[in-house]
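S.K.: Kindly produce the complete structure, drawing on both the sequences and the hints.
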Amino acid sequence: MTHPLRRTRALPFSRRSFLRGACLHAAGGALVALPLMDSLRAEDRAAPPPKRLVLLYNPNGTVEKDWWPEAGASESDFTLGRIHAPLARHRERLLIFRGVHSHVAQRSDNNGGPHQRGIGALFTGQMLQTGDFVDGCGSRAGWADGVSIDQAVADVIGLDTPFKSLELGIRASDNDVQGRIAYAGPGKPLPPMNDPKQVFRRLFALATEPPSAPIDPSDPLDARHSVLDTVREQFALLRPQLSQEDRSKLDAHLELVRDLERRLAAGRPDRCVPPAEPPSLEPGSELDMPRVSRAHLDLLAVAFACDLTRVASLQYSTGFNRIRYPWVDSLGEGHSLSHSGPSNTAAWEELTRRAIWHAEELAYFLDRLAAIPEGDGSVLDNTLVLWGNEVCQGNTHSLDNIPYLLVGDAGGALRSGRYLQYDDASNCDLLLSVLHALGIEAETFGHPDHCTGPLSGLLA
Amino acid sequence: MSELPRPDAPPLFGEARPRRCGRGRKPARAWSRLGWSRLGWGCVGLALATLGGCEARPELTPSRTTCDPPAARRAPLRLLTRSEYDNTIRDLLGDDSAPSRAFPPEPNVGGFDNNAESHLANPLLVEQLTSAARELSQRAVRDHLDTLAPCPNAADADDCVDDFLGRFGKRAFRRPLTASERTSFLTLYRKAAPTLGYEAAIGLLIEAFLQSPQFLYRVEAPLQADVASAEAPLPLGPYELASRLAYFLWGSMPDDELLAAAEEGRLGTADELEAQARRLLADPRARAQVSRFHERWLGLSRFETVVRDTDEVPSERVNESWRRSLLAFVDDVFWSEDGTLADLFTSPVVFVDDTLAELYGLSAGEGSELLPVTLEDARAGLLTQPGLMAMLAHPNQSSPIHRGVFVREHILCRPVPAPPPSVNNTPPDPDPNATTRERFAVHTKDPACATCHQLIDPLGFGFEQFDELGRYRDEENGHPVDASGEVRHAPDPNLDGPFHGAAELGRRLADSSAPGQCLSRYWYRFALGRMDSAEDACTTEGIAQSLERAGGRLEEILIALVRSDAFRQRAPWIDELEAGP
Numbered sequence: 001m002t003h004p005l006r007r008t009r010a011l012p013f014s015r016r017s018f019l020r021g022a023c024l025h026a027a028g029g030a031l032v033a034l035p036l037m038d039s040l041r042a043e044d045r046a047a048p049p050p051k052r053l054v055l056l057y058n059p060n061g062t063v064e065k066d067w068w069p070e071a072g073a074s075e076s077d078f079t080l081g082r083i084h085a086p087l088a089r090h091r092e093r094l095l096i097f098r099g100v101h102s103h104v105a106q107r108s109d110n111n112g113g114p115h116q117r118g119i120g121a122l123f124t125g126q127m128l129q130t131g132d133f134v135d136g137c138g139s140r141a142g143w144a145d146g147v148s149i150d151q152a153v154a155d156v157i158g159l160d161t162p163f164k165s166l167e168l169g170i171r172a173s174d175n176d177v178q179g180r181i182a183y184a185g186p187g188k189p190l191p192p193m194n195d196p197k198q199v200f201r202r203l204f205a206l207a208t209e210p211p212s213a214p215i216d217p218s219d220p221l222d223a224r225h226s227v228l229d230t231v232r233e234q235f236a237l238l239r240p241q242l243s244q245e246d247r248s249k250l251d252a253h254l255e256l257v258r259d260l261e262r263r264l265a266a267g268r269p270d271r272c273v274p275p276a277e278p279p280s281l282e283p284g285s286e287l288d289m290p291r292v293s294r295a296h297l298d299l300l301a302v303a304f305a306c307d308l309t310r311v312a313s314l315q316y317s318t319g320f321n322r323i324r325y326p327w328v329d330s331l332g333e334g335h336s337l338s339h340s341g342p343s344n345t346a347a348w349e350e351l352t353r354r355a356i357w358h359a360e361e362l363a364y365f366l367d368r369l370a371a372i373p374e375g376d377g378s379v380l381d382n383t384l385v386l387w388g389n390e391v392c393q394g395n396t397h398s399l400d401n402i403p404y405l406l407v408g409d410a411g412g413a414l415r416s417g418r419y420l421q422y423d424d425a426s427n428c429d430l431l432l433s434v435l436h437a438l439g440i441e442a443e444t445f446g447h448p449d450h451c452t453g454p455l456s457g458l459l460a
Numbered sequence: 001m002s003e004l005p006r007p008d009a010p011p012l013f014g015e016a017r018p019r020r021c022g023r024g025r026k027p028a029r030a031w032s033r034l035g036w037s038r039l040g041w042g043c044v045g046l047a048l049a050t051l052g053g054c055e056a057r058p059e060l061t062p063s064r065t066t067c068d069p070p071a072a073r074r075a076p077l078r079l080l081t082r083s084e085y086d087n088t089i090r091d092l093l094g095d096d097s098a099p100s101r102a103f104p105p106e107p108n109v110g111g112f113d114n115n116a117e118s119h120l121a122n123p124l125l126v127e128q129l130t131s132a133a134r135e136l137s138q139r140a141v142r143d144h145l146d147t148l149a150p151c152p153n154a155a156d157a158d159d160c161v162d163d164f165l166g167r168f169g170k171r172a173f174r175r176p177l178t179a180s181e182r183t184s185f186l187t188l189y190r191k192a193a194p195t196l197g198y199e200a201a202i203g204l205l206i207e208a209f210l211q212s213p214q215f216l217y218r219v220e221a222p223l224q225a226d227v228a229s230a231e232a233p234l235p236l237g238p239y240e241l242a243s244r245l246a247y248f249l250w251g252s253m254p255d256d257e258l259l260a261a262a263e264e265g266r267l268g269t270a271d272e273l274e275a276q277a278r279r280l281l282a283d284p285r286a287r288a289q290v291s292r293f294h295e296r297w298l299g300l301s302r303f304e305t306v307v308r309d310t311d312e313v314p315s316e317r318v319n320e321s322w323r324r325s326l327l328a329f330v331d332d333v334f335w336s337e338d339g340t341l342a343d344l345f346t347s348p349v350v351f352v353d354d355t356l357a358e359l360y361g362l363s364a365g366e367g368s369e370l371l372p373v374t375l376e377d378a379r380a381g382l383l384t385q386p387g388l389m390a391m392l393a394h395p396n397q398s399s400p401i402h403r404g405v406f407v408r409e410h411i412l413c414r415p416v417p418a419p420p421p422s423v424n425n426t427p428p429d430p431d432p433n434a435t436t437r438e439r440f441a442v443h444t445k446d447p448a449c450a451t452c453h454q455l456i457d458p459l460g461f462g463f464e465q466f467d468e469l470g471r472y473r474d475e476e477n478g479h480p481v482d483a484s485g486e487v488r489h490a491p492d493p494n495l496d497g498p499f500h501g502a503a504e505l506g507r508r509l510a511d512s513s514a515p516g517q518c519l520s521r522y523w524y525r526f527a528l529g530r531m532d533s534a535e536d537a538c539t540t541e542g543i544a545q546s547l548e549r550a551g552g553r554l555e556e557i558l559i560a561l562v563r564s565d566a567f568r569q570r571a572p573w574i575d576e577l578e579a580g581p
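First to last, the sequence lines map onto chains A and B. Residues 1 to 460, numbered by the working numbering, are exactly what the first sequence covers, in order. Residues 1 to 581, numbered by the working numbering, are exactly what the second sequence covers, in order.
Hints may be right or wrong, so weigh each one.
As the list claims (entries may be wrong) - Each computed EDC-like pair below joins lysine to aspartate or glutamate, with the alpha-carbon atoms no more than 16 Å apart:
id: 1; chain 1: B; residue 1: Lys-191; chain 2: A; residue 2: Asp-229
id: 2; chain 1: B; residue 1: Lys-170; chain 2: B; residue 2: Glu-320
id: 3; chain 1: A; residue 1: Lys-188; chain 2: A; residue 2: Asp-229
id: 4; chain 1: B; residue 1: Lys-170; chain 2: B; residue 2: Asp-91
id: 5; chain 1: A; residue 1: Lys-164; chain 2: A; residue 2: Glu-261
id: 6; chain 1: B; residue 1: Lys-191; chain 2: A; residue 2: Asp-222
id: 7; chain 1: B; residue 1: Lys-191; chain 2: A; residue 2: Glu-233
id: 8; chain 1: B; residue 1: Lys-170; chain 2: B; residue 2: Glu-264
id: 9; chain 1: A; residue 1: Lys-188; chain 2: B; residue 2: Glu-117
id: 10; chain 1: B; residue 1: Lys-170; chain 2: B; residue 2: Asp-255
id: 11; chain 1: A; residue 1: Lys-164; chain 2: A; residue 2: Glu-255
id: 12; chain 1: A; residue 1: Lys-164; chain 2: A; residue 2: Asp-259
Rather than coming from a laboratory, the hints here were simulated on the basis of the structure.
M.R.: This is how it looks when you write it as structure tokens:
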């Protein structure tokens with residue numbers, strides 16, 4: 001599908017001058033200064049600006065009465081719910097979905113309990129494998145049985161960047177099926193990094209080394225290449241000693257080593273000036289959680305600006321969390337709080353305040369991307385954000401009406417600024433639509449039984 | 001809508017845990033043809049087998065667990081966990097920088113981080129391992145070249161490298177290098193040394209060692225030739241056994257003595273292995289490892305998210321004090337010369353530092369040092385430990401549900417069964433101002449909820465004497481505390497029935513074999529890196545029996561494990577069988 005390059009809002013000259021400053025402290029408090037942007041003008045790229053995808057997750061359902069918009073005369077005529085008020089200034093980019101169900105999670109032959117199934121299927125559209133992860137009520141399951149949408153996209157657009165994708169976490173430390181949203185493939189979850197300082201070091205570590213650090217495979221004296229040569233040999237020598245089953249494990253690891261070597265050989269764009277290191281924060285602390293969130297969002301914006309990656313996910317905690325949000329006066333414990341019934345109006349207000357905060361974080365992130373010029377517009381113009389939650393509402397555990405929300409029009413591929421109500425659509429179809437919107441051809445995504453084609457009326 | 005199980009009938013869902021029988025008898029599911037009946041349970045003889053009860057089984061030899069079918073299981077590759085990596089680096093390079101801090105966490109299976117099937121490499125981990133290898137190797141040659149690869153005479157560099165590959169290589173791979181492996185490393189040295197010099201070249205060798213799979217993975221079952229039968233388990237090789245023993249009891253690589261024992265064939269019998277095990281247990285490294293087990297068995301990582309609304313102490317400090325206090329209690333019972341499993345449930349000792357002394361109104365402690373005190377308030381054992389009570393609570397109230405679930409999962413190994421699949425139904429909408437017992441009544445209204453909750457809530461109510469800060473109380477909001485509880489559907493029917501207060505429950509548990517059975521299963525999982533299934537009951541029950549014969553001395557669980565077939569043997573690979581004799 002071809003579509004003309006949309007000429008979106010061009011930045012006025014005065015705003016560009018403002019960006020020339022090394023430090024940005026926009027309202028809301030940027031924690032990481034954006035690098036100087038001039039060197040990142042699109043002039044040195046003959047190709048059109050890259051497309052990007054970000055997944056966003058927070059757990060335990062939303063509060064339906066405050067989430068769903070009020071529909072008007074047409075799809076683009078709607079009133080935002082309380083939770084989405086912070087996104088009002090980005091209204092034209094929003095696509096709010098209702099009636100998209102996680103059919104695959106609800107299959108009777110699926111494994112695990114609702115949180116496990118919900119989160120497993122959220123971005124993969126797949127069932128859970130059998131396994132030994134136990135949920136609160138004795139149900140057992142393994143990992144999700146398929147690739148997640150961000151990785152499917154990264155498999156196409158993530159091969160030219162130093163990092164194929166970035167998985168960032170905010171208090172997302174549980175490592176079992178209810179704590180993972182991104183999968184490189186069936187049974188291959190990708191763990192998030194929860195500490196912004198570590199994320200920074202990972203992204204910019206080489207920047208502190210002497211320049212021109214890429215491995216030169218043709219240089220027989222290149223130390224790092226020689227070491228990896230020997231390591232690869234050791235893999236080859238061990239392999240025949242192992243059973244077939246052990247060999248698969250070994251092969252999978254070796255493949256990752258090769259990937260890493262390829263990436264190191266590609267080097268790093270040296271036109272990216274790294275920002276200042278984020279402050280030391282305690283990633284496990286509820287007091288630091290808002291600052292950790294902002295630090296991650298800032299780092300991701302920089303990573304996009306420097307084209308270090310084009311695919312990312314932001315995971316706010318996990319299905320069985322006990323976290324509190326004291327800065328919005330919510331002292332209930334995550335998962336338990338979400339099980340409050342409607343009579344507990346105080347608890348439901350807490351849940352809504354949490355959801356509003358998530359919308360504010362998203363709005364902040366969108367603002368950051370909007371402030372980075374790219375092509376005729378901004379980085380935001382070429383970025384798609386998909387926000388999801390593993391169940392519709394906490395007390396019902398319903399896997400119908402998964403609260404999906406898209407931000408962005410993928411360079412004109414999507415007609416955004418609408419509230420779309422479907423009748424029993426499958427989340428696999430929504431995920432397939434995302435692939436198509438990013439210009440990736442695919443016939444199906446997720447479980448084939450539940451994918452019939454992209455959602456109707458979504459693509460331009 | 002599914003039926004509620006009858007009060008005297010076993011649960012409908014999940015694993016029906018059989019009762020224990022006497023020696024030579026095996027428990028069996030009791031299905032009376034006449035319908036549910038307590039008469040159907042019991043240790044009756046073979047003739048009444050159709051009525052259910054117990055069937056004859058092969059005699060257990062006193063000091064070995066021989067199981068039929070064999071207890072040996074598959075032994076897949078095991079990737080080093082973060083703590084294993086750190087400990088191995090410490091013992092191999094003398095570097096205690098604990099580099100795995102930035103590594104991603106291992107999958108949590110059954111509370112443990114060392115599940116062989118689930119712990120796999122991922123892109124982030126490989127990246128971290130690569131940069132750690134570079135940093136560690138550079139530090140190693142800078143600080144410890146004289147120990148790792150001494151070469152007083154530069155002219156003998158070739159001999160030095162030879163020595164190095166022999167000695168360091170054997171320790172890094174936990175077995176002697178093969179000739180091809182040696183050659184590969186030598187090639188790297190020869191490439192690097194002329195331009196970079198001896199020290200830097202050794203550094204590159206170490207960097208390569210630390211990324212090699214023979215270092216990062218524990219190869220427990222390399223292919224063997226001449227494997228005849230699927231039924232006969234294979235013994236683990238001596239080096240494989242040495243690693244398995246060291247990683248079990250130390251969480252780290254074998255020491256030189258253990259490697260020598262492997263080389264000299266002194267790990268072949270259960271007695272020889274026991275001797276090494278006792279030696280390892282006497283080493284300080286075993287203390288840290290046993291603590292690590294206790295932490296995982298009890299799920300103490302929960303303290304990371306416990307918050308308390310108290311003005312008395314800042315939350316982060318008190319969490320850490322509780323965690324250390326609880327761990328100190330369990331560790332102390334384990335390592336005390338006369339500590340037994342029964343003590344775990346009856347000892348009134350609590351370890352307090354100054355933070356906890358302040359919280360519980362005791363005379364001030366000695367700073368952060370933990371000192372044992374005896375509290376005078378209905379404490380008896382693990383279940384009344386203030387740290388545990390605080391962990392299993394909400395920020396501002398106790399939680400019978402958390403406490404009930406804890407006992408079922410961690411003490412009885414009888415978790416609540418999975419609920420039946422159900423359509424979306426209207427969930428209960430409890431009055432937020434109701435008491436916990438009133439809200440429980442709501443749980444029982446919906447049979448789908450009651451299935452789980454009738455096993456949990458009555459059990460948890462017995463802990464109401466301890467509030468969310470682990471303090472004893474006999475009054476709550478002006479009303480006397482009701483600490484009456486009830487155990488239902490325990491694996492040991494002697495445990496079933498009403499009780500008053502957690503101390504009484506503790507005494508009942510001290511007299512029961514169920515906790516020993518459960519703890520044996522947790523140790524099994526920890527040692528072998530796999531979840532146990534019904535087929536492993538023979539092994540874990542044998543271990544529990546050894547524990548009983550030893551009067552409940554907890555160390556004996558580990559000895560019995562090490563002596564067992566499950567530890568010393570493994571099942572053949574399909575490839576080995578297909579290859580034929």
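S.K.: Hint by hint, say whether it matches the structure.
M.R.: Results for each hint:
Distance restraint check for Lys-191 of chain B and Asp-229 of chain A: the Cα-Cα separation of roughly 12 Å lies within the 16 Å cut-off, and the hinted pair is therefore satisfied. Under the criterion of a C-alpha separation no larger than 16 Å, the hint pairing Lys-170 of chain B with Glu-320 of chain B is inconsistent with the structure, at around 40 Å. Pair hint Lys-188 of chain A plus Asp-229 of chain A does not hold up; C-alpha atoms about 26 Å apart against a cutoff of 16 Å. For the hint linking Lys-170 of chain B to Asp-91 of chain B, the alpha-carbon distance of about 13 Å falls within 16 Å, and the restraint holds.
Proximity of Lys-164 of chain A to Glu-261 of chain A is assessed by CA-CA distance (about 13 Å); at most 16 Å being required, the pair is judged to hold. As the CA atoms of Lys-191 of chain B and Asp-222 of chain A are separated by approximately 10 Å, the hinted pair is consistent with the 16 Å bound. With a CA separation close to 15 Å, the supplied pair Lys-191 of chain B and Glu-233 of chain A stays within the 16 Å bound. Between Lys-170 of chain B and Glu-264 of chain B, the direct Cα distance comes to roughly 15 Å. Compliance with the 16 Å bound is thereby established for this hinted pair.
In summary, the hint linking Lys-188 of chain A to Glu-117 of chain B is supported, as the alpha carbons are separated by about 12 Å, within the 16 Å threshold. A distance of roughly 11 Å separates the Cα atoms of Lys-170 of chain B and Asp-255 of chain B; the hinted pair therefore holds under the 16 Å criterion. Distance restraint check for Lys-164 of chain A and Glu-255 of chain A: the Cα-Cα separation of roughly 14 Å lies within the 16 Å cut-off, and the hinted pair is therefore satisfied. A threshold of 16 Å between alpha carbons decides the hint, and for Lys-164 of chain A with Asp-259 of chain A the separation of about 10 Å falls inside it, so the pair holds.
In summary, the structure is inconsistent with hints 2, 3 from the numbered list given earlier, while agreeing with the others.
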